[in-house]
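Residues in the sequence shown are numbered from 1 upward in steps of one, following UniProt numbering.
Be careful, since some hints might not be right.
[Stated by the list, open to error] With a cut-off of at most 30 Å between alpha-carbon atoms, the simulated DSS-like pairs for lysine-lysine come out as follows: (1) Lys367 / Lys509; (2) Lys364 / Lys388; (3) Lys388 / Lys277; (4) Lys363 / Lys388; (5) Lys508 / Lys552; (6) Lys326 / Lys599; (7) Lys511 / Lys165; (8) Lys367 / Lys326; (9) Lys277 / Lys599; (10) Lys517 / Lys277; (11) Lys454 / Lys364; (12) Lys388 / Lys326; (13) Lys454 / Lys517; (14) Lys552 / Lys599; (15) Lys454 / Lys509; (16) Lys388 / Lys454.
[What the hints assert, rightly or not] Have a look at the derived ranges for each label pair, beta carbon to beta carbon: (17) Asp309 / Leu576: 22 to 32 Å; (18) Glu512 / Arg270: 18 to 28 Å; (19) Asp149 / Leu191: 48 to 58 Å; (20) Thr564 / Ser181: 50 to 60 Å; (21) Lys388 / Thr269: 43 to 53 Å; (22) Gln527 / Gly607: 37 to 47 Å; (23) Gly464 / Gly360: 33 to 43 Å; (24) Gly360 / Arg461: 41 to 51 Å; (25) Gly467 / Gly171: 51 to 61 Å; (26) Ala198 / Gly464: 38 to 48 Å; (27) Leu189 / Lys326: 17 to 27 Å.
Calculated directly from the structure, the hints in this document are not laboratory data.
Idealized CB from N, CA, C, for every residue including glycine.
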Amino acid sequence: MSRRRQQEQQPEDSSDEGSFADFDQNDQDVSMSDSDNDSSSIPRKDAALLDKDSDEEDLERLVLGSKVTWRDQLFRDDFLPDVSDSKALVPAAAAAKDDHDQATRKALDDSMLFAIDTGKPTDGPLFQETAAEVTSAEPQDAPAWEDSDDERLTVSLATASRLRKLRTFEGEDVVNGVEYSQRLRQQYLRLYPLPEWAAPPGAKRRRRSSAADDDLSSDSELENSDGEEIESALPLDAFLRSAASFAPTDSSNKKRRKLRPETLDIQRTRDIPDSHKSGGGVSSLAFHPSRPILLSTSVSSIMYLHSIDPAAHPTPNPLLTSVQVKRTDLRRAAFVGPEGEEIVFAGRRRYFHSWNLSSGDVKKVTKVQGHQKEHRTMERFRVSPDGKYMAIAASDKKGGGMLNIVNVDTMQWIAQARLDSRHGIADFGWWSDGNGLTIAGKDGSVAEWSLITKRTVGIWRDEGSIGGTVMVLGGRNGPAELGGHRWVAMGNTSGVLNVYDRNELVEKKGKEVQVKKLPTPARSFEQLTTAISVAEFSPDGQLLAFGSVLKKDAMRLVHLPSCTVYRNWPTEQTPLGRVTAVAFSAGSDVLAVGNDAGKIRLWEIRG
1 MSRRRQQEQQ
11 PEDSSDEGSF
21 ADFDQNDQDV
31 SMSDSDNDSS
41 SIPRKDAALL
51 DKDSDEEDLE
61 RLVLGSKVTW
71 RDQLFRDDFL
81 PDVSDSKALV
91 PAAAAAKDDH
101 DQATRKALDD
111 SMLFAIDTGK
121 PTDGPLFQET
131 AAEVTSAEPQ
141 DAPAWEDSDD
151 ERLTVSLATA
161 SRLRKLRTFE
171 GEDVVNGVEY
181 SQRLRQQYLR
191 LYPLPEWAAP
201 PGAKRRRRSS
211 AADDDLSSDS
221 ELENSDGEEI
231 ESALPLDAFL
241 RSAASFAPTD
251 SSNKKRRKLR
261 PETLDIQRTR
271 DIPDSHKSGG
281 GVSSLAFHPS
291 RPILLSTSVS
301 SIMYLHSIDP
311 AAHPTPNPLL
321 TSVQVKRTDL
331 RRAAFVGPEG
341 EEIVFAGRRR
351 YFHSWNLSSG
361 DVKKVTKVQG
371 HQKEHRTMER
381 FRVSPDGKYM
391 AIAASDKKGG
401 GMLNIVNVDT
411 MQWIAQARLD
421 SRHGIADFGW
431 WSDGNGLTIA
441 GKDGSVAEWS
451 LITKRTVGIW
461 RDEGSIGGTV
471 MVLGGRNGPA
481 ELGGHRWVAM
491 GNTSGVLNVY
501 DRNELVEKKG
511 KEVQVKKLPT
521 PARSFEQLTT
531 AISVAEFSPD
541 GQLLAFGSVL
551 KKDAMRLVHL
561 PSCTVYRNWP
571 TEQTPLGRVT
581 AVAFSAGSDV
591 LAVGNDAGKI
601 RLWEIRG
């Protein structure tokens with residue numbers, strides 16, 4: 001029976017009172033009825049041409065889409081109570097044939113037939129099942145690309161010299177490609193900070209009060225007392241939690257050796273593997289007072305902490321951590337106190353930082369109460385040997401200079417030392433007992449200032465100085481009235497270094513103690529022809545190193561108390577460069593020299 005004949009057999013008095021279910025009884029009948037109505041005006045002789053075979057229907061379905069009606073699309077994803085059942089996943093056209101589903105659909109409110117996409121996951125069981133499948137199929141930590149050839153690849157670590165540092169033990173040789181790539185990543189993280197784009201989501205939550213307060217980033221996450229988070233590039237392990245994590249240097253228990261004058265047994269050892277960026281070179285060096293640790297800074301805003309161990313494998317003198325202080329060219333950093341549990345560092349800025357290595361807390365001091373206008377920069381500071389006080393050079397005022405003394409624990413202002421020197425203060429240093437300072441002016445005048453009385457004990461003048469540059473104190477068995485240091489070295493712009501015996505500075509007249517105004521130096525060293533820029537005494541007081549950054553390899557070593565320059569070191573082949581910083585270890589057996597190229601070289605002093 002043809003479709004035309006089926007339509008003619010239907011009652012002519014069919015009214016529009018059909019129910020909602022009658023309209024949606026069968027999608028096939030509706031489409032057939034619509035097709036017949038549209039073709040009612042076509043002659044019977046062409047009706048056979050409108051009949052479609054299965055191939056034509058498949059082609060029409062591919063080009064024009066499915067013939068599913070708009071009502072089937074409307075109720076395909078309805079919110080029925082049995083949506084979790086397997087029957088809810090059948091096509092809407094088959095579900096419409098079920099009378100029970102039709103009655104349920106008519107009983108639903110209009111608000112339940114539509115859903116608003118809010119972007120948040122729903123709590124429906126269907127969504128939970130889908131989310132579980134997606135989670136299991138796509139792990140979050142899966143690598144973006146995996147190469148199956150890595151497992152079959154073999155790499156020899158012992159053959160190539162540049163790959164030997166990747167070995168975990170000396171006898172290791174061949175590893176596969178997967179292990180090789182992991183060790184390359186570990187080696188990269190030892191040298192460079194982890195970039196922000198490579199960090200996992202939520203790992204970095206930085207709180208910035210302002211752009212100026214976001215100064216410090218390092219290898220592990222530290223938090224200062226102000227709530228400012230500090231990021232770091234490599235973990236500091238137990239060292240940040242306790243400075244006692246390294247074996248102490250037994251220099252105090254070791255018998256003090258006597259060095260010979262004129263010739264010195266000194267051997268070059270392994271250099272520091274990490275170099276500071278070029279531009280300004282190494283700005284300061286400092287050894288830990290009781291641990292084999294070297295602290296170095298540079299004007300490229302980087303601070304390094306290295307463990308001094310030339311025999312360490314695979315990297316001698318390994319890096320503990322590298323800290324970057326953003327927008328601050330670090331000029332000086334120093335350990336605080338005899339135990340060295342704190343580091344104070346500063347650049348050419350109006351603030352400085354105090355880093356407690358035991359607790360990990362970082363304090364930022366932006367001003368000295370009542371004297372903040374006097375500090376345009378806080379890079380010139382010195383910490384007392386007992387770690388209680390810190391002196392900061394203020395700006396020049398009325399042709400002279402001043403020092404503000406603050407308490408390290410509370411960062412409160414204690415006192416102020418003044419020196420009427422033309423062009424201000426050149427350098428200054430603490431007495432060995434921490435009860436005073438020696439202040440050198442740029443015009444050659446020197447003041448001895450007492451912290452107990454908060455007054456100047458005496459003022460004397462450096463012989464022949466027309467422009468002071470550096471001043472350093474050292475040695476033992478000096479006058480108790482001037483803090484206990486025996487030697488004081490004064491460098492000037494003409495390249496001359498004068499060394500004074502402080503026992504000769506003091507004149508006793510009864511109970512009063514006076515300082516000579518024009519003392520005679522114990523020895524004047526004229527080996528250099530450019531301005532003296534660095535000078536440092538060894539902790540045992542037997543060696544004095546001084547140099548100039550204005551000329552290559554301009555450095556000398558002096559023996560004390562004979563005040564003689566060593567002839568056998570340095571030589572023309574000694575790779576010093578332009579010396580910018582010098583430091584001796586706590587046991588006076590290691591000499592560190594930094595240059596303008598950012599390299600730090602080490603020498604072992606044997607006797």
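*Looking back at the numbered hints, which does the structure fail to meet, lowest number first?*
1, 3, 5, 7, 10, 18, 19, 21, 22, 23 and 26
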